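K.L.:
Residues per chain are reported as follows:
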Amino acid sequence: MPISKEEVRHIAHLARLGLTSGEIEHFQGQLEGILAYIDKLKSLNVEGIEPTAHALDIKDVLRPDVRRPCLEIDKVLRIAPQREGAFYKVPRVIE
Amino acid sequence: MSLNTLTASVLRERLHAKKATPEALRADLKKRFTAVEEKVRAFARPPDFKAPADRAEGPLRDIPVVIKDNICSLGEAVECCSKILQGFVAPYDATVVTKLKEAGAFVQGKANMDEFAFGSSCETSCLYPTRNPWDLQRVPGGSSGGSAACVAADEAVMALGSDTGGSIRQPASFCGVVGMKPTYGRVSRYGLIAFASSLDQIGPLTKDVRDNALFLSAIAGPDERDATSADRTVPDYAKILGRDVKGLRVGLPREYLIKGMDMEVRAALDEAIALLKGHGVTFFDVSLPHTEYAVATYYIVATAEASSNLARFDGVQYGLRRPDPSNKEDGALVAMYKKTRGEGFGAEAKRRIILGTYVLSSGYYEAYYGRALKVRTLIRRDFDKVFAGCDLIVTPTSPTPAFRLGEKMEDPLAMYLSDIYTISANLAGLPALSVPCGMTKSGLPVGMQILARPFDEEGIYRLAHFYEQKTPWHTLKPKL
Amino acid sequence: MSTARYEPVIGLEVHVQLKTQTKVFCGCANDFGAPENTQTCPVCLGLPGSLPVLNAEALRSAAKVGLALGCRVRSFTKFDRKNYFYPDLPKNFQISQYDLPLAEHGRLAVEGGGVSREVRIKRVHLEEDAGKLLHPEAGGSSLVDFNRSGSPLLEIVSEPDIFSPEEAYVYLTGLKLLLQYVGVSDCDMEKGTLRCDANVSMRPAGTTGLGIKTELKNMNSFKAVRAALEFEITRQTGALEAGERLVQETRLWDEEKQATRSMRSKEEAHDYRYFPEPDLPPFTFSDADLEVLRRELPELPLARVRRFCSTYGLAPKEAAVLIASKDMADFFEEGAHLFQEVKKVAHWLMGPVLAQMNARGVSLDQLGLSPASLVELIRLVEDGVISQLAGKDVLGAMLDSGKGPAQIVKEKDLAQMSAEGALGAIVDEVLEKNEKTAADYRQGKESALMFLVGQVMRSTQGKANPKVAQELLRKRLTS
Numbered sequence: 001m002p003i004s005k006e007e008v009r010h011i012a013h014l015a016r017l018g019l020t021s022g023e024i025e026h027f028q029g030q031l032e033g034i035l036a037y038i039d040k041l042k043s044l045n046v047e048g049i050e051p052t053a054h055a056l057d058i059k060d061v062l063r064p065d066v067r068r069p070c071l072e073i074d075k076v077l078r079i080a081p082q083r084e085g086a087f088y089k090v091p092r093v094i095e
Numbered sequence: 001m002s003l004n005t006l007t008a009s010v011l012r013e014r015l016h017a018k019k020a021t022p023e024a025l026r027a028d029l030k031k032r033f034t035a036v037e038e039k040v041r042a043f044a045r046p047p048d049f050k051a052p053a054d055r056a057e058g059p060l061r062d063i064p065v066v067i068k069d070n071i072c073s074l075g076e077a078v079e080c081c082s083k084i085l086q087g088f089v090a091p092y093d094a095t096v097v098t099k100l101k102e103a104g105a106f107v108q109g110k111a112n113m114d115e116f117a118f119g120s121s122c123e124t125s126c127l128y129p130t131r132n133p134w135d136l137q138r139v140p141g142g143s144s145g146g147s148a149a150c151v152a153a154d155e156a157v158m159a160l161g162s163d164t165g166g167s168i169r170q171p172a173s174f175c176g177v178v179g180m181k182p183t184y185g186r187v188s189r190y191g192l193i194a195f196a197s198s199l200d201q202i203g204p205l206t207k208d209v210r211d212n213a214l215f216l217s218a219i220a221g222p223d224e225r226d227a228t229s230a231d232r233t234v235p236d237y238a239k240i241l242g243r244d245v246k247g248l249r250v251g252l253p254r255e256y257l258i259k260g261m262d263m264e265v266r267a268a269l270d271e272a273i274a275l276l277k278g279h280g281v282t283f284f285d286v287s288l289p290h291t292e293y294a295v296a297t298y299y300i301v302a303t304a305e306a307s308s309n310l311a312r313f314d315g316v317q318y319g320l321r322r323p324d325p326s327n328k329e330d331g332a333l334v335a336m337y338k339k340t341r342g343e344g345f346g347a348e349a350k351r352r353i354i355l356g357t358y359v360l361s362s363g364y365y366e367a368y369y370g371r372a373l374k375v376r377t378l379i380r381r382d383f384d385k386v387f388a389g390c391d392l393i394v395t396p397t398s399p400t401p402a403f404r405l406g407e408k409m410e411d412p413l414a415m416y417l418s419d420i421y422t423i424s425a426n427l428a429g430l431p432a433l434s435v436p437c438g439m440t441k442s443g444l445p446v447g448m449q450i451l452a453r454p455f456d457e458e459g460i461y462r463l464a465h466f467y468e469q470k471t472p473w474h475t476l477k478p479k480l
Numbered sequence: 001m002s003t004a005r006y007e008p009v010i011g012l013e014v015h016v017q018l019k020t021q022t023k024v025f026c027g028c029a030n031d032f033g034a035p036e037n038t039q040t041c042p043v044c045l046g047l048p049g050s051l052p053v054l055n056a057e058a059l060r061s062a063a064k065v066g067l068a069l070g071c072r073v074r075s076f077t078k079f080d081r082k083n084y085f086y087p088d089l090p091k092n093f094q095i096s097q098y099d100l101p102l103a104e105h106g107r108l109a110v111e112g113g114g115v116s117r118e119v120r121i122k123r124v125h126l127e128e129d130a131g132k133l134l135h136p137e138a139g140g141s142s143l144v145d146f147n148r149s150g151s152p153l154l155e156i157v158s159e160p161d162i163f164s165p166e167e168a169y170v171y172l173t174g175l176k177l178l179l180q181y182v183g184v185s186d187c188d189m190e191k192g193t194l195r196c197d198a199n200v201s202m203r204p205a206g207t208t209g210l211g212i213k214t215e216l217k218n219m220n221s222f223k224a225v226r227a228a229l230e231f232e233i234t235r236q237t238g239a240l241e242a243g244e245r246l247v248q249e250t251r252l253w254d255e256e257k258q259a260t261r262s263m264r265s266k267e268e269a270h271d272y273r274y275f276p277e278p279d280l281p282p283f284t285f286s287d288a289d290l291e292v293l294r295r296e297l298p299e300l301p302l303a304r305v306r307r308f309c310s311t312y313g314l315a316p317k318e319a320a321v322l323i324a325s326k327d328m329a330d331f332f333e334e335g336a337h338l339f340q341e342v343k344k345v346a347h348w349l350m351g352p353v354l355a356q357m358n359a360r361g362v363s364l365d366q367l368g369l370s371p372a373s374l375v376e377l378i379r380l381v382e383d384g385v386i387s388q389l390a391g392k393d394v395l396g397a398m399l400d401s402g403k404g405p406a407q408i409v410k411e412k413d414l415a416q417m418s419a420e421g422a423l424g425a426i427v428d429e430v431l432e433k434n435e436k437t438a439a440d441y442r443q444g445k446e447s448a449l450m451f452l453v454g455q456v457m458r459s460t461q462g463k464a465n466p467k468v469a470q471e472l473l474r475k476r477l478t479s
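Chains as they are written, first to last, in my numbering: chain A, 1 to 95; chain B, 1 to 480; chain C, 1 to 479.
Please note: incorrect hints may appear among the correct ones.
Said to hold, decoys possible - Interface residues of chain B toward chain A, partial, derived using beta-carbon atoms under 7 Å: (1) Tyr256; (2) Ala274; (3) Gly331; (4) Arg341; (5) Lys350; (6) Thr357; (7) Val375; (8) Pro412.
Claimed, not checked - Below, a list of computed lysine-lysine pairs in the DSBU-like style, where the Cα atoms sit at most 30 Å apart: (9) Lys40/A - Lys30/B; (10) Lys59/A - Lys50/B; (11) Lys40/A - Lys5/A; (12) Lys75/A - Lys191/C; (13) Lys328/B - Lys89/A; (14) Lys40/A - Lys385/B; (15) Lys59/A - Lys191/C; (16) Lys83/B - Lys75/A; (17) Lys392/C - Lys257/C; (18) Lys59/A - Lys392/C; (19) Lys328/B - Lys408/B; (20) Lys436/C - Lys412/C; (21) Lys83/B - Lys89/A; (22) Lys441/B - Lys5/A; (23) Lys5/A - Lys83/B; (24) Lys42/A - Lys408/B; (25) Lys5/A - Lys477/B; (26) Lys89/A - Lys223/C; (27) Lys132/C - Lys328/B; (28) Lys317/C - Lys132/C; (29) Lys217/C - Lys122/C; (30) Lys328/B - Lys39/B; (31) Lys89/A - Lys191/C; (32) Lys83/B - Lys257/C; (33) Lys50/B - Lys75/A; (34) Lys328/B - Lys217/C; (35) Lys392/C - Lys89/A; (36) Lys75/A - Lys19/C; (37) Lys132/C - Lys75/A; (38) Lys30/B - Lys385/B; (39) Lys223/C - Lys191/C; (40) Lys475/C - Lys89/A.
Since the hints were made in silico from the structure, they are not lab data.
Note that the structure is predicted; figures quoted are calculated from it, not measured.
Note that CB positions come from ideal geometry on N, CA and C, so glycine has one too.
Isolated chain A, as found in the complex:
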């Protein structure tokens, strides 16, 4: 399954991965090879087969609506790349 550079760029954008043009070309080649291999699944007939999203057949795992202690604010903000008081600071989000 051929994949274009444009598609790789689009996927990288979806994944918020900054790639150099060299990387884009490099990955494009490797991806084509991998996708060609993965395409062997297309030859299988999966009609009527249920998907397995969970390896264990369990259901209805719930927890009671009971409070547990929260993390102390400093424990988490201490390692924040940028903070302002009690907030995490990030580059301006444009709405």
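Please arrange chains B and C on chain A, whose structure you already have, making use of the hints.
P.N.:
Just chains B and C now, with coordinates in the frame of chain A:
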């Protein structure tokens, strides 16, 4: 005899009988570390040889253990050997760490690994590659390469690794130690930095089967913090050890005995089979017809889940952050995301994120991910059919012994294909263990894999222990 | 209006924050207004290695809402990951529900303001909330507070069955009332426990297709939703009639300017890459489970209105006012059991009691009034011990002091002058002082009598029993 060369079970006896002290054990481990770590490089960061604050009374009292650098230990750095997590300190203990502490053990240090567990050689670590103690020019396997190597090199008594497609078993086989991937849900994943949520399991890497059984009993069990953990009591796995194996029915899947398999690996396996036959085990030729689709299925499911699990690494709350004022197109926030993730992730991580994002993307879901989940059902059914007539399945753990450093780095697909024997157990959620079953002429370990029905780790331990005790492999040590 | 060339088609998407004790996937408190970043844990921060576990109460609440909306609650439901990057989303994916939502195909009867219709509910599903982003005026940064991250959200999506801004308004008030009755949320748009986005498109009048859709966001009240829709309809109609092409877009409501504007950011269609959430096994509901939940539902608003009309003989408008708050409706019913003339109870509630609530800025349960004490007060008025007017004052005094009505009447010596003797003297006095008005009455002017009654009330500082005073005056005037 240096205490660090002993198994946990022997150490427990000696410590309990006061024939050895915890201090002496730590001293021996430190001595060994100083002597060989420069060559092996099994650790992600230099371990702590201090005594822990206090230890509980338990079956593993005073035993130091090494945990893979993707398992959270309160107050300790945990970075998955990735630049993007530099400086991240775990604010909580993984459930397995809580449990091992309850058993009296303590965390000695963090083992090196492939970045985010993406790899089969420990070469994608952002730090350095770990070396195979049996041949320093070769890889220890991956992604739990550091965990396997430190146990093989006697730098650790026992270690924990994680296994998503073979990452405990394959390095165990490359390094000549015992590695168990439990049934999916047997061990809590809370505190394991996720790679592929529906495939990951934490498991022990040890010098022998008894230690492995002891360690698994200590860390396994239901966890209210992990909705995918099984609500089943944990047996005392050591109890099954020493049982006879006469009458056990073992399947040999013909699809696993492929042409690409190394001759010496084949020979070692054949000898193991012969030995077991001699003790009353019956072997059957069985078929797992969808084996050829396993790697493709795995690389769709695992990378899809990984691409989502790794989205959180974005420089906002912790770890690396790289603003990028030169990116005018995207706006400051997105530019920051892209540069942070572009610099923070290694090539293999990026490759998997791209592949995973692709197979989930609009228009491709049904063709790839949707289809892969269905093939997964077919793979599981193959095993169900075989286990209707067999107690266990035996295969080689890896088609080859440890390969050279750098040998597979150019061709990612070749690297992926080396997982061929281990991957299906993760897709089907089955327990699987690797036990040493021979040495090549050049002195490289070979591993035999044993698989069982869900939650039949006991069956695996029974066969593995019996075989181990009839062979010398677990007594061999690398010359470092 | 009926000659309009285009007609609007509106769908509403409402997000409701459930008032469970804890968040949807972790045990953090689910409170409003905690100091920033103090109500978090590894799970709702999405820290590496953390895992979600579903809150049982959130699931039950969600199912109850589904049942209350007449939906089919699925016997098998699961969660999915919705993947996108945003700083208020710690994992950069939201655990939500995609193809197998908890409940589907329901309806909400919408009545009021000239509207009486059914709006179909497309789906109801459970998901986690994101944190809060703040954009301080100065500087090139934004700030993130994750307290709200992981709060349980119920998303309720209507079919495009709404055909005017007024209908939208009535739908929202009806939905809010229903949710308050089920008891799962405060539905306070100011606090953000209820949020609404609207989709509106125009089509040629009388047709059945759907036009180009505009999504409207950033409305902070039901009124704003109505105003935004009105604005959009005008804008779109104008554009269509001028022959312009409309584009599918998202527009933000600007409360100050009372207008919508297109979102400045590049319009990229989101590719959410939904896939089943591997960390959460699926959930099931048996018929028995649903029956238990159904039985826990209170009588819902519209059913209660109908019953109030039929059982208590109230007018629909009156019943609607009473049931507009579940507390008030409950209070009324208790009162109705204690006092036969239920309409009086209704009027006191809708009148003086409501006035007190508004004046004091409190809700009924904060007022400190019980049905029994209100009924006691009403009895005092009906028995003629005090006048209606005095009764209102007594109510105020009861609320201030916490004392019962009889005690207050005694303390303030408010018992009406009813005895003919005491009142008779005052009646005579008033007639003397108002000869002209008395004469007017004798000549047929009815209203003059009421004036004279008023004078008696003034003279007695309101203590006179007006009925008795009126009778006495009439007697004297016609004798």
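K.L.:
Now, for every hint given, state plainly whether the structure supports it.
P.N.:
These are the hints, each one checked on the structure:
1. Tyr256: Given a least distance of 18 Å, the restraint on tyrosine 256/B is violated.
2. Ala274: 34 Å, violated
3. Gly331: 6 Å, holds
4. Arg341: 5 Å, holds
5. Lys350: At 6 Å from the nearest chain A Cβ, lysine 350/B passes the 7 Å test, so the hint holds.
6. Thr357: Because about 5 Å separates threonine 357/B from the closest Cβ in chain A, which is inside the 7 Å limit, the hint holds.
7. Val375: 6 Å, holds
8. Pro412: 6 Å, holds
9. Lys40/A - Lys30/B: 50 Å, violated
10. Lys59/A - Lys50/B: 44 Å, violated
11. Lys40/A - Lys5/A: 23 Å, holds
12. Lys75/A - Lys191/C: Holds, because 28 Å separates the two Cα atoms, which is no more than 30 Å.
13. Lys328/B - Lys89/A: Measuring from Cα to Cα gives roughly 20 Å; hence the hint holds.
14. Lys40/A - Lys385/B: Given pair lysine 40/A, lysine 385/B holds - Cα atoms ~23 Å apart, limit 30 Å.
15. Lys59/A - Lys191/C: 35 Å, violated
16. Lys83/B - Lys75/A: 21 Å, holds
17. Lys392/C - Lys257/C: 43 Å, violated
18. Lys59/A - Lys392/C: At roughly 59 Å apart (the allowed maximum being 30 Å), lysine 392/C and lysine 59/A break the hint.
19. Lys328/B - Lys408/B: Roughly 38 Å between the alpha carbons, so the hint for lysine 328/B and lysine 408/B is violated.
20. Lys436/C - Lys412/C: 35 Å, violated
21. Lys83/B - Lys89/A: Since the Cα atoms of lysine 83/B and lysine 89/A sit roughly 21 Å apart, the hinted pair holds (cutoff 30 Å).
22. Lys441/B - Lys5/A: 47 Å, violated
23. Lys5/A - Lys83/B: 26 Å, holds
24. Lys42/A - Lys408/B: 27 Å, holds
25. Lys5/A - Lys477/B: 50 Å, violated
26. Lys89/A - Lys223/C: 34 Å, violated
27. Lys132/C - Lys328/B: 26 Å, holds
28. Lys317/C - Lys132/C: 40 Å, violated
29. Lys217/C - Lys122/C: Distance ~20 Å between lysine 217/C and lysine 122/C Cα, so the pair holds.
30. Lys328/B - Lys39/B: Outside the cut-off at roughly 46 Å; violated.
31. Lys89/A - Lys191/C: 23 Å, holds
32. Lys83/B - Lys257/C: 47 Å, violated
33. Lys50/B - Lys75/A: 24 Å, holds
34. Lys328/B - Lys217/C: Between lysine 328/B and lysine 217/C the Cα gap is close to 27 Å, so the pair holds against 30 Å.
35. Lys392/C - Lys89/A: With a Cα-Cα distance of about 55 Å, the restraint between lysine 392/C and lysine 89/A is violated, given a limit of 30 Å.
36. Lys75/A - Lys19/C: Measuring from Cα to Cα gives roughly 27 Å; hence the hint holds.
37. Lys132/C - Lys75/A: Distance of about 20 Å is within 30 Å: holds.
38. Lys30/B - Lys385/B: Status violated; Cα separation ~49 Å.
39. Lys223/C - Lys191/C: 16 Å, holds
40. Lys475/C - Lys89/A: 83 Å, violated
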